[in-house]
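Student: Residue numbers (our numbering), protein chains in the order written: chain D, 100 to 290; chain E, 100 to 290.
Just so you know, these hints were derived from the structure itself, not from any lab.
Everything numeric in this text was worked out from a predicted model, so none of it was measured.
Beta carbons: idealized from backbone N, C-alpha and C, even for Gly.
A few of these clues could be false.
To be verified - Where chain E lies over chain D, by a calculated footprint (3+ residues, C-beta under 8 Å): (1) 106–120; (2) 202–208; (3) 217–230; (4) 244–258.
Listed here are the chains, written in short residue letters.
2 protein chains.
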Amino acid sequence: MNGQELLKQHISKTATLTDEQFDYFFSHFTLLSFKKGQTIISEGDEVDCEYFVVSGCLKAFFINDDIKMYILQFAMSTWWTSDYNALYSHSRATINVDCITDAEVLCLKSADREKLCAEIHQVEHFFRWRTNRGYVASQKRLLSFMNNDAKKRYEELLTLYPELYNLVPKHLIAAYLGITRETLSRLYNGR
Amino acid sequence: MNGQELLKQHISKTATLTDEQFDYFFSHFTLLSFKKGQTIISEGDEVDCEYFVVSGCLKAFFINDDIKMYILQFAMSTWWTSDYNALYSHSRATINVDCITDAEVLCLKSADREKLCAEIHQVEHFFRWRTNRGYVASQKRLLSFMNNDAKKRYEELLTLYPELYNLVPKHLIAAYLGITRETLSRLYNGR
Numbered sequence: 100m101n102g103q104e105l106l107k108q109h110i111s112k113t114a115t116l117t118d119e120q121f122d123y124f125f126s127h128f129t130l131l132s133f134k135k136g137q138t139i140i141s142e143g144d145e146v147d148c149e150y151f152v153v154s155g156c157l158k159a160f161f162i163n164d165d166i167k168m169y170i171l172q173f174a175m176s177t178w179w180t181s182d183y184n185a186l187y188s189h190s191r192a193t194i195n196v197d198c199i200t201d202a203e204v205l206c207l208k209s210a211d212r213e214k215l216c217a218e219i220h221q222v223e224h225f226f227r228w229r230t231n232r233g234y235v236a237s238q239k240r241l242l243s244f245m246n247n248d249a250k251k252r253y254e255e256l257l258t259l260y261p262e263l264y265n266l267v268p269k270h271l272i273a274a275y276l277g278i279t280r281e282t283l284s285r286l287y288n289g290r
Numbered sequence: 100m101n102g103q104e105l106l107k108q109h110i111s112k113t114a115t116l117t118d119e120q121f122d123y124f125f126s127h128f129t130l131l132s133f134k135k136g137q138t139i140i141s142e143g144d145e146v147d148c149e150y151f152v153v154s155g156c157l158k159a160f161f162i163n164d165d166i167k168m169y170i171l172q173f174a175m176s177t178w179w180t181s182d183y184n185a186l187y188s189h190s191r192a193t194i195n196v197d198c199i200t201d202a203e204v205l206c207l208k209s210a211d212r213e214k215l216c217a218e219i220h221q222v223e224h225f226f227r228w229r230t231n232r233g234y235v236a237s238q239k240r241l242l243s244f245m246n247n248d249a250k251k252r253y254e255e256l257l258t259l260y261p262e263l264y265n266l267v268p269k270h271l272i273a274a275y276l277g278i279t280r281e282t283l284s285r286l287y288n289g290r
């Protein structure tokens with residue numbers, strides 16, 4: 100499925116747009132292709148866009164002072180990603196986004212998102228529900244981080260996103276779970 | 100300031116409503132008064148409402164199998180709270196919400212929120228931006244949990260919400276930070 104069809108199908112689960120409205124909406128996106136390992140957002144960048152993943156897999160991550168990596172989010176096909184803190188507050192990026200695999204993304208500028216939300220009520224409806232779902236997922240992950248040990252978090256991730264295990268190298272899954280690669284190996288071999 | 104004025108001021112920071120639109124919007128809220136210690140949502144409840152805090156302080160929390168409490172959110176004047184996972188997915192509550200102090204809240208039913216969002220574009224705009232901000236705060240807290248030690252998280256909380264320290268007993272601040280009361284005492288006395 101090409102990016103336009105994928106985005107149309109994705110939006111139509113939440114909002115009702117006429118074909119004309121969707122074509123107008125879609126005309127504000129730019130299709131970008133990235134190679135595995137390429138960086139989309141670097142810490143310190145001005146952040147002006149969010150990205151709808153058409154194909155491939157991205158990661159949003161943070162590197163601390165000890166050069167330890169924490170993965171905030173994986174983003175696969177039909178997921179959205181950006182540094183939303185920077186995007187919404189017009190501040191500089193504090194996280195990075197790069198490509199785990201070759202990837203195609205549809206890029207939407209912040210000013211265009213706001214214009215489209217103001218022009219088409221159903222577009223605002225779509226973005227409200229997209230963020231509602233992101234908020235709930237983020238709260239669940241926070242609760243899981245507070246309450247669950249590595250084994251439980253690992254099993255949760257397996258259940259929620261089984262496809263990640265084919266797409267994503269094990270050391271990145273460890274960085275998402277906040278554990279070492281050795282601990283992950285023990286959990287992985289214990290299945 | 101009474102609840103109606105407080106909500107009007109709160110909404111007007113994000114959305115533009117005429118007086119008639121605001122009065123109509125406000126007519127869907129119910130003012131409720133609770134005593135310190137009273138429960139608003141219990142694990143297992145059907146969740147049909149979200150709450151705008153007029154006065155006082157609430158907490159949204161989770162009790163695990165070992166009867167350990169984790170605080171997901173404090174909610175003070177002009178904050179919103181509910182079990183949003185249950186509210187948005189029409190499932191049973193997995194967390195609890197109760198009152199740290201006497202409190203007055205404005206209750207909005209889920210069906211009314213959706214009706215108002217559909218009827219008044221600016222109401223949908225308001226709720227989109229409210230959740231955008233909640234999403235970013237939740238992502239920041241997650242990153243802080245992954246990366247920062249208790250001392251750093253304590254200092255962050257102090258900086259972000261200094262007023263919490265007068266409103267909220269220390270053992271609840273410890274439950275928010277995911278540390279013991281003893282560790283918090285050490286940090287508190289080290290200031």
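Student: For every hint, state whether the structure bears it out.
Tutor: Now the hints, each set against the structure:
1. 106–120: violated (count 0)
2. 202–208: Contact hint for the segment 202–208 of chain D vs chain E: violated, 0 residues under 8 Å.
3. 217–230: With 7 residues closer than 8 Å to chain E, the segment 217–230 of chain D meets the three-residue bar; holds.
4. 244–258: With 3 residues close enough to chain E, the hint holds.
Going down the numbered hints, you'll see the structure goes against 1, 2, while the others check out.
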